[in-house]
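Chemist: Please model the entire structure based on the sequences and the hints provided.
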Amino acid sequence: MKAEERWQARFRASRMTLPSWARQAPNRSIYRSNATGKWEVYAWDRVTGSVRQVTDQPKGTRYAAIDPTGQWIYWFADTDGDELGGWWRQPFTGGASEPIATDLEPGQPSGIGLSITGSAAISLAGGDKFRVHLVRPGEPTETLYEHTEAAWVAAMSLDGSLIAINHGEYGDFRHPALRVVRHNGRTVGELYDGPRKGVTGLSFAPVAGDRRLLALHERRQRSEPLVWDPVTGEQREIWLRDSGDLAAEWYDDGRGLLILRDHRARTYLHRYDLRGGGLTPIETPHGVIEEAAPRPGGHVEYLWSSASRPPVIRSTSGQVVLNSLGPPAPPSVPVEDIDVEGAGGRIHALVSRPEVGTAPYPAVFLLHGGPSSHDRDEFSPEVAAWVDAGFAVVRVNYRGSTGYGSAWRDALHGDVGHIELADVAAVREQVVEHGIVDGSRTVLAGTSWGGYLTLLGLGTQPDLWACGIAAVPIACHQTSYEDEAESLRAYHRALFGGSPDEQPERYAASSPITYVDRIKAPLLILAGENDTRCPLRQIEKYVARLAEHGVEHEVYTYDAIRGSLVVSERIAQTAIQLDFARKHAGPI
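In the numbering used here, the protein residues as written are 32 to 619.
Wrong hints could be hidden among the right ones.
[What the hints assert, rightly or not] Pairs of lysine-lysine residues, derived as BS3-like cross-links and limited to a Cα-Cα distance of at most 25 angstroms, are as follows:
(1) 572 <-> 551
(2) 69 <-> 160
(3) 614 <-> 33
(4) 228 <-> 160
Just so you know, these hints were derived from the structure itself, not from any lab.
Modeler: Here's what the structure looks like:
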């Protein structure tokens, strides 16, 4: 198979999310798949083996849930791929779809909680407010919570009597507090650990009448599980000796927790016994587990991949859970780990070398979004496409990334953008010195926050990069703040310590548009016309400044907030990026 056919086949290969199931009807499951060329929701009856497609939206479907009884499938329907819309539902067995709240204005989704009573708690953002609504069949929608700072539904108890809400009322969306209210909106209990120590709700115990809420706290400079009874106030912290950030899921009987430990770009599973406190490792292949959940009977299903091997849904019982439709994705190359001493501490990065050519290679520094995210040893069609094109791919988990403790993630406070790029430059210097990368042919690229860093890097590090590729970037923080969705405004305030009116110097110092006149390298920008996260107007403003200063640039626009839900769009964008990089930094 030729290189172009191979990388496109990875995008076209059918993929799916880990199936989620109804708590009281575990043989009824839903998942999302790109089998039709867009990510849509599917219903899977585990008894009969039947699978049917539930949704069919022009730009795909990103959010879905199944109610605990297995009677209804819920999904968020937006209008133009812009993440503005409302929640709908359809019977699991099929039939007419219906909106769950016709008396609400369209908003941006930020969570849903479902109960056995048919009630739902949904959170929507819009009109400078964040609201949590209680929706009950046949009754008017009630507003349980409203605030100008970000808030979202974390969970709803099985019987519908308790709703957990994360909120940023105390001034920091990045480190939320956790409140539990009754269905009348009255507060039952709250956890707030103080500045820069978030508490994030996950789920109530999957047992009727059980009030315990599983959450994550940051009391010891990393994410760790906590079991909390909001009525009595009783708390139980779960501590592990092993390094890494932790997440957790309930076992079906509520007596144990599945612990997911993320350490140095890989994932490890453990079972924690809440009765005796025992911790048992669960054997899984070396790589990354995107999602994992215990099934009735005690075995665990998980979605696994590595940089070289495509995703597969496995079970600790030894079986492959559900085969995707069509041929599997062609494999790729494994990653190498490197550690670099930087100004803020040791930086962990991943390097993928091409199978053709010899070092030093042309390279793309592919910067992750977020910034509260990180690159891992997982399968990526994008990374594999660059490798097939003859580029080494360097991915840097710069300060601000998750997965390395709270202090590393929170290091961005203040000199936003410049801190991350200092780490990228340190890694670049090492791979060039060690003869892995050709310093005259390095590409800076990324999407969303990675796209923002690309624009900022071309302006503040103009001698390091042969060209840049920025997909849906932030180009001007102030203009972006004026046009973006409510949740992004809250994030901006938390990151910069206030709004642009309150912190104008910080916004300007971290904005790529401030440094347009210093850019030397050619630049490709990809932008979504309906993007509410990285709005188009601020990109247009930036592009006009590029033209004023005579900077060589190209712009590609498409009619969605992201191209990631539509396979053909992802292929088109990848082809454009590869051609641009070959032209300006590719193999000679």
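Chemist: Hint by hint, say whether it matches the structure.
Modeler: Verification of the hints:
no. : hint        : result
1   : 572 <-> 551 : holds (19 angstroms)
2   : 69 <-> 160  : violated (31 angstroms)
3   : 614 <-> 33  : holds (20 angstroms)
4   : 228 <-> 160 : holds (24 angstroms)
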